[in-house]
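What follows is the residue order along each chain.
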Amino acid sequence: EDQVTQSPEALRLQEGESSSLNCSYTVSGLRGLFWYRQDPGKGPEFLFTLYSAGEEKEKERLKATLTKKESFLHITAPKPEDSATYLCAVQLYGSSNTGKLIFGQGTTLQVKP
Amino acid sequence: DVKVTQSSRYLVKRTGEKVFLECVQDMDHENMFWYRQDPGLGLRLIYFSYDVKMKEKGDIPEGYSVSREKKERFSLILESASTNQTSMYLCASSFQGAGTQYFGPGTRLLVL
Chain A
374 EDQVTQSPEA
384 LRLQEGESSS
394 LNCSYTVSGL
404 RGLFWYRQDP
414 GKGPEFLFTL
424 YSAGEEKEKE
434 RLKATLTKKE
444 SFLHITAPKP
454 EDSATYLCAV
464 QLYGSSNTGK
474 LIFGQGTTLQ
484 VKP
Chain B
43 DVKVTQSSRY
53 LVKRTGEKVF
63 LECVQDMDHE
73 NMFWYRQDPG
83 LGLRLIYFSY
93 DVKMKEKGDI
103 PEGYSVSREK
113 KERFSLILES
123 ASTNQTSMYL
133 CASSFQGAGT
143 QYFGPGTRLL
153 VL
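Those sequence lines, one after another, are chains A and B.
If you're matching positions, the first sequence starts at 374 in this note's numbering and goes up one per residue.
If you're matching positions, the second sequence starts at 43 in this note's numbering and goes up one per residue.
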């Protein structure tokens, strides 16, 4: 069964304390991996797409990386405004026409000042 | 700028009522999706549509139906609302062949 697992479920950091969020996947054929940020009471906001192992994408304090089994979202020197739930999703080759994604459960990040 | 709008941010309905949730996108996307999000359960796909008048069941279609008469509009219908349908409902859209989905702001539905 195709599956996406995110860890940890929740993460508390002090401002400036760098860390990583993990997204591991067991799927039949990965077409792309997506990271989203979701603020409380709002819809997810697209961050990154990764397509092949070794690929990296950066945006401000966030860097996403991809291997054949997992992806990491590295947060460097986080600020309180980085507090949110981060969602990982994968698209399979069989879903390329429909655009269907399989989502992980998310990691809720809290950054304290 | 990418825009997905949902008809209501908050909705309170009574058990047994028929409920319509509407989603509109202005990006000419072929694919549209309805999810519900509950604490501890993550995002669960209810229905999706990859073309006008086309629809496919997602992982939890029971108790729901959908309508897509125009490319930009995708409606979710709760035929007879029940308390276990209290949830956050999220609409999303994407281009055919592309995985990136763009989400609306969500509708928080409370069924009493």
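Just so you know, the hints here were simulated from the structure itself, not pulled from any lab data.
Every residue gets a Cβ at the ideal spot worked out from N, C-alpha and C, and that includes glycine.
Any given hint could be a false lead.
[Stated by the list, open to error] Derived BS3-like pairs: lysine-lysine, alpha-carbon spacing no greater than 25 angstroms straight-line: (1) A/485 to A/436; (2) B/97 to B/112; (3) A/442 to A/430; (4) A/415 to B/45; (5) B/97 to B/60; (6) A/441 to A/485; (7) B/45 to A/432; (8) B/45 to B/112; (9) A/442 to A/415; (10) A/415 to B/55; (11) B/97 to B/45; (12) A/430 to B/60.
[What the hints assert, rightly or not] Computed list of chain B residues with no C-beta within reach of chain A, every gap over 10 angstroms: (13) 53; (14) 68; (15) 95; (16) 98; (17) 136.
[To be verified] Taking beta-carbon pairs under 7 angstroms as the criterion, some of the chain A residues facing chain B (in silico): (18) 405; (19) 416; (20) 417; (21) 424; (22) 425; (23) 438; (24) 441; (25) 445; (26) 464; (27) 467; (28) 471.
Right, here's what the structure says about each hint:
{"no.": "1", "hint": "A/485 to A/436", "verdict": "holds (20 angstroms)"}
{"no.": "2", "hint": "B/97 to B/112", "verdict": "holds (12 angstroms)"}
{"no.": "3", "hint": "A/442 to A/430", "verdict": "holds (17 angstroms)"}
{"no.": "4", "hint": "A/415 to B/45", "verdict": "holds (14 angstroms)"}
{"no.": "5", "hint": "B/97 to B/60", "verdict": "holds (20 angstroms)"}
{"no.": "6", "hint": "A/441 to A/485", "verdict": "violated (33 angstroms)"}
{"no.": "7", "hint": "B/45 to A/432", "verdict": "holds (21 angstroms)"}
{"no.": "8", "hint": "B/45 to B/112", "verdict": "holds (16 angstroms)"}
{"no.": "9", "hint": "A/442 to A/415", "verdict": "violated (30 angstroms)"}
{"no.": "10", "hint": "A/415 to B/55", "verdict": "holds (21 angstroms)"}
{"no.": "11", "hint": "B/97 to B/45", "verdict": "holds (22 angstroms)"}
{"no.": "12", "hint": "A/430 to B/60", "verdict": "violated (44 angstroms)"}
{"no.": "13", "hint": "53", "verdict": "holds (14 angstroms)"}
{"no.": "14", "hint": "68", "verdict": "holds (15 angstroms)"}
{"no.": "15", "hint": "95", "verdict": "holds (15 angstroms)"}
{"no.": "16", "hint": "98", "verdict": "violated (7 angstroms)"}
{"no.": "17", "hint": "136", "verdict": "violated (4 angstroms)"}
{"no.": "18", "hint": "405", "verdict": "holds (4 angstroms)"}
{"no.": "19", "hint": "416", "verdict": "holds (4 angstroms)"}
{"no.": "20", "hint": "417", "verdict": "holds (5 angstroms)"}
{"no.": "21", "hint": "424", "verdict": "violated (9 angstroms)"}
{"no.": "22", "hint": "425", "verdict": "violated (14 angstroms)"}
{"no.": "23", "hint": "438", "verdict": "violated (18 angstroms)"}
{"no.": "24", "hint": "441", "verdict": "violated (18 angstroms)"}
{"no.": "25", "hint": "445", "verdict": "violated (19 angstroms)"}
{"no.": "26", "hint": "464", "verdict": "holds (4 angstroms)"}
{"no.": "27", "hint": "467", "verdict": "violated (12 angstroms)"}
{"no.": "28", "hint": "471", "verdict": "holds (5 angstroms)"}
Hints 6, 9, 12, 16, 17, 21, 22, 23, 24, 25, 27, counting from the list given before, are not met by this structure.
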